[in-house]
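A.B. asks: Okay, here's what each chain looks like letter by letter:
Number of protein chains: 2
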Amino acid sequence: MSIKLTILGFNSALPTAFTHPTAQLLNIAERHFLIDCGEGTQVQLRKAKAKFNRINHIFISHLHGDHVFGLIGLISTFQLLGRDTALHIHGPKGIEEFITTQLRLTESNNSFDIVFNELHTKESVLVFEDDKVEIFSIPLNHRVYTNGYLFREKEKPRKLNMDTITAFNEIEVCDYQNLKNGKDFILKSGEIISNDYLTFDAPKSLSYAFCSDTKYKPDIVPIIKDVDVLYHESTFLHELKDLAIYTGHSTAKEAALIAKAANAKKLILGHFSNRYHDYKPLLLEAQEEFPNTILPEVLKEIKIKE
Amino acid sequence: MSIKLTILGFNSALPTAFTHPTAQLLNIAERHFLIDCGEGTQVQLRKAKAKFNRINHIFISHLHGDHVFGLIGLISTFQLLGRDTALHIHGPKGIEEFITTQLRLTESNNSFDIVFNELHTKESVLVFEDDKVEIFSIPLNHRVYTNGYLFREKEKPRKLNMDTITAFNEIEVCDYQNLKNGKDFILKSGEIISNDYLTFDAPKSLSYAFCSDTKYKPDIVPIIKDVDVLYHESTFLHELKDLAIYTGHSTAKEAALIAKAANAKKLILGHFSNRYHDYKPLLLEAQEEFPNTILPEVLKEIKIKE
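For the record, the sequence lines run as chains P and E.
Heads up: the first sequence begins at 1 in our numbering, then just goes up one per residue.
Heads up: the second sequence begins at 1 in our numbering, then just goes up one per residue.
Hints may be right or wrong, so weigh each one.
A pair holds if it fits inside one copy or across any two, identical chains being indistinguishable in the list.
To be verified - In the DSBU-like style, the derived pairs of lysine-lysine whose C-alpha atoms are separated by at most 35 Å in a straight line are:
| id | residue 1 | residue 2 |
| --- | --- | --- |
| 1 | Lys241 | Lys51 |
| 2 | Lys49 | Lys241 |
| 3 | Lys188 | Lys215 |
| 4 | Lys215 | Lys159 |
| 5 | Lys260 | Lys188 |
| 6 | Lys241 | Lys188 |
| 7 | Lys241 | Lys159 |
| 8 | Lys300 | Lys49 |
| 9 | Lys188 | Lys280 |
| 10 | Lys241 | Lys156 |
| 11 | Lys188 | Lys47 |
| 12 | Lys265 | Lys300 |
Just so you know, these hints were derived from the structure itself, not from any lab.
Values in this document were obtained by computation on a predicted structure and should not be read as measured data.
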């Protein structure tokens with residue numbers, strides 16, 4: 001089991017010929033989630049050979065252009081491709097007006113429903129869940145209302161130990177679900193067989209946290225505790241700490257401090273200021289606090305495994 | 001003297017990794033006009049090495065995404081670049097709400113004024129003029145309210161013939177403007193010297209017409225009569241004439257018929273349906289009616305000369 005993350009773009013502010021604003025495609029339990037959607041995201045999705053009709057949920061962090069200006073174009077392309085299944089857009093209050101105004105003025109006849117889930121609280125809330133995945137908001141602190149998102153596999157069933165199970169002739173297929181759920185088995189004789197003897201531990205539930213854009217905000221640590229991979233913005237080097245505070249961003253050192261405090265397994269930096277052409281100093285600064293830090297790579301799939 | 005046209009994108013509908021929706025940069029008398037602004041136009045402008053701060057007027061044909069979804073991103077980039085001069089946006093009714101809603105919801109603090117010039121008539125009107133250039137709308141017939149634009153150099157002054165002028169000792173510098181304007185000169189003796197003898201004909205005033213998107217609409221011919229270069233959409237081959245009518249587009253043959261009737265000097269085709277990967281049949285179809293037809297080339301500057 002693994003989560004697959006494809007970073008489609010990680011640059012802040014204006015797109016150029018060689019840089020792309022924030023967007024990520026996350027495959028978790030074969031659900032395909034798009035996170036943020038800067039201008040040009042649909043072209044990056046094409047380059048990633050993403051299947052457009054598998055994207056049913058889009059999570060927008062905040063209404064700044066470099067995170068959302070590509071959304072209307074993607075919706076328009078969904079229409080042109082004849083999409084007929086509902087699209088769910090989770091994002092800050094205002095995103096519904098943002099999109100519906102554009103749809104109305106471009107006289108779009110939508111072939112599919114768009115379901116908006118507008119967030120407005122400053123608490124972490126459950127944004128989406130199904131039988132395999134749960135997604136929580138991570139309240140961030142930026143110049144405008146912003147949320148990160150925590151994507152987590154739900155607890156998985158225990159694995160059957162067929163060697164021990166078949167040794168008892170009386171355990172039948174209809175009993176398996178109870179065993180997977182951790183229940184002990186009671187033989188006809190009344191003897192109790194411990195679940196541990198009949199099953200193996202469930203595979204670990206994996207998780208991914210996306211945190212962009214935000215000031216240094218240590219109170220998110222409990223929400224992302226023990227996360228497998230954390231993407232945390234690091235717009236500046238720590239020598240520009242004052243500018244980071246002023247603009248509502250974090251430094252590479254601060255991103256690493258969050259990863260360390262949260263006991264994350266891996267940290268991916270991103271959202272670098274356009275002033276940086278060489279990202280190595282940002283990486284080195286973060287690695288001083290949190291060695292397992294990496295730089296983002298556009299269109300390279302990252303596997304998040306146990 | 002010349003007009004320089006750079007096509008930034010000419011594809012219809014959805015952008016892909018290798019195609020770009022409609023946008024053109026026109027340099028006429030050193031005024032830099034942007035025509036339409038599909039998603040990704042700002043990146044195409046960078047590739048064209050355009051000077052962003054020289055673009056003061058943007059002309060939008062209609063509110064379909066492939067002609068306008070890049071506009072908010074470009075405005076946002078203007079802000080980030082610290083622009084402080086006014087930006088004039090000419091386009092269909094609704095464009096002001098389209099842009100201002102997005103600016104409001106993204107909490108943009110504009111560093112410069114945006115002056116909207118919303119068109120709503122079905123007549124050709126003067127959209128803009130200054131001392132050297134005049135621009136008229138070309139009412140088109142598409143699924144939504146649409147205008148093309150005719151860009152025309154104003155009539156230029158006649159050129160002084162210094163050989164003949166200096167032969168008359170009594171013609172002074174302060175008389176030159178009258179001569180450029182075509183007036184005869186009266187010598188102190190009372191003798192009238194014909195302007196023709198003292199000046200050469202003015203350079204021809206050049207013109208460019210942009211017509212996209214539209215059904216075949218022959219009543220635009222008088223507006224674009226004798227235009228030097230006509231860009232006319234040709235979404236389909238004529239064998240798909242019914243589909244062209246249904247979707248509000250033209251065929252290559254129809255674009256050529258318009259060019260021929262208007263006595264244009266050159267025709268550029270564009271806005272091809274995504275079904276076509278080879279544009280040669282569209283070119284050949286048009287050339288049967290209007291031989292001096294060419295295909296568009298992205299980022300290649302076309303000089304429009306006498």
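A.B. asks: For every hint, state whether the structure bears it out.
C.D. replies: Cross-check of the supplied hints:
1. Lys241 - Lys51: Classified as between: cross-chain Cα gap 32 Å, same-chain 40 Å, threshold 35 Å.
2. Lys49 - Lys241: So Lys49 and Lys241 pass the 35 Å test across copies only (33 Å; inside, 38 Å).
3. Lys188 - Lys215: So Lys188 and Lys215 fail the 35 Å test inside a copy (61 Å) and across (81 Å) alike.
4. Lys215 - Lys159: So Lys215 and Lys159 fail the 35 Å test inside a copy (42 Å) and across (64 Å) alike.
5. Lys260 - Lys188: Answer is neither; intra-copy 52 Å and inter-copy 95 Å both fail.
6. Lys241 - Lys188: Neither way: Lys241 and Lys188 sit 69 Å apart in one copy and 79 Å across, limit 35 Å.
7. Lys241 - Lys159: neither (49 Å within a copy, 62 Å between copies)
8. Lys300 - Lys49: both (12 Å within a copy, 29 Å between copies)
9. Lys188 - Lys280: neither (66 Å within a copy, 81 Å between copies)
10. Lys241 - Lys156: neither (42 Å within a copy, 57 Å between copies)
11. Lys188 - Lys47: neither (60 Å within a copy, 77 Å between copies)
12. Lys265 - Lys300: Classified as within; 19 Å inside a copy, 49 Å across copies.
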